[in-house]
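There are 2 protein chains.
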Amino acid sequence: MQATKRRLLEAGLRMLLERGYNDLGIQSLLKETGTPKGSFYHHFESKEDFALQVVDAYMVEVHAGLDACLSNEQLPPLLRVRSFFEATRDKYGRDGYLGCMLGGLGQELAGVSEAFRERIEACFADIGAHVATCLEAARARGELPAHTDPEELSALLINCWEGAALRCRLRRSPAPLDAMLDFYFGTALGASSSMPA
Amino acid sequence: MQATKRRLLEAGLRMLLERGYNDLGIQSLLKETGTPKGSFYHHFESKEDFALQVVDAYMVEVHAGLDACLSNEQLPPLLRVRSFFEATRDKYGRDGYLGCMLGGLGQELAGVSEAFRERIEACFADIGAHVATCLEAARARGELPAHTDPEELSALLINCWEGAALRCRLRRSPAPLDAMLDFYFGTALGASSSMPA
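From first to last, the protein sequence lines stand for chains H and S.
Positions in the first sequence are counted from 1; adding 14 to them yields the numbering used here.
Positions in the second sequence are counted from 1; adding 14 to them yields the numbering used here.
In short, the hints are calculated from the structure, not lab data.
You can take every hint at face value.
Identical copies go unnamed one by one, so any copy, or any two together, can satisfy a pair.
Derived SDA-like pairs: lysine to any residue, alpha-carbon spacing no greater than 20 Å straight-line:
# : residue 1 : residue 2
1 : K45       : V126
2 : K61       : D37
3 : K61       : P50
4 : K45       : R28
5 : K61       : L38
6 : K61       : T18
7 : K45       : S60
8 : K61       : M73
9 : K105      : Y72
Just chain H, with the same shape it has in the complex (with noise of 0.2 Å):
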């Protein structure tokens, strides 16, 4: 990826985490990263391809934290997962604990925008993809009761984790993210814990 691309794609990223979308000014982000107009405009047809760009390279380092977590094989499977959002906790710390880009940008335009109220949507489904299968191979092991549907576990992790970052985003705290992930891998091992291995 050309230099001046990734630049504007970095500083958005860290843009639109802090304000949102229609907070966003495309002058603010050619001032901060220093780059013309033209050349903005050489790279994205508008601002709303700009955020969906942001949000494709949001994508490529989540994609790039879940192959890192879930084929760890060092780690049973429920752990793997585990790792994986509090990986993603660190990550949010490292942003000073604002949250989900993804949550924020879904609140913010899903009523108005099919655009991006589908694209959020699909980037959830397929974290959820991914993560639904780590949690197959944990059913599969024993660490979760055979009668468990990964999908449905998955989905239900993956939402309670965006309203745990959301609270993460108003407290300026990792406490909700990780209160939520005791709550969750406890329930979820609580129960494997009664079923045969």
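Following the hints, complete the assembly by docking chain S onto the known chain H.
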């Protein structure tokens, strides 16, 4: 409350839920409600003041729901709590499943506005305190394990609910809300079933 002010707040609630804060135009609000500009500024100092008063009006409704559900002696305490969230789900349905206005404003504005960050956090803390009182009643009656921390469990419920509300907004569906309530109350009641009543 004066009729014009009430009309502005009601329209503001609908518009903030759909469009968020930055995309809400005062001109559109005035046009939709047939209100002269001077009248708006008679009742509200600024757009921010208006939105914060919409939040106050929203919380009046929330408190009416909390009072009605949590004091319902016909139901055991845990089901009173659940009935509040089911009533909230039904309210979301009447709005077209756009989710929770508090979550929307919190996501959109908490990165840039201390006023909104603090107010929305205070709203969740307030709802959490009421729900915790009812969870404490559930604990006292043996519906929850004796070691349960009602405040922690209440915060978890509200945070997980907010994540489910985001997904409800993205999917325009109550399914994520129902799945979350089944998971949470299944877990809580499941935990209680191993305890003496």
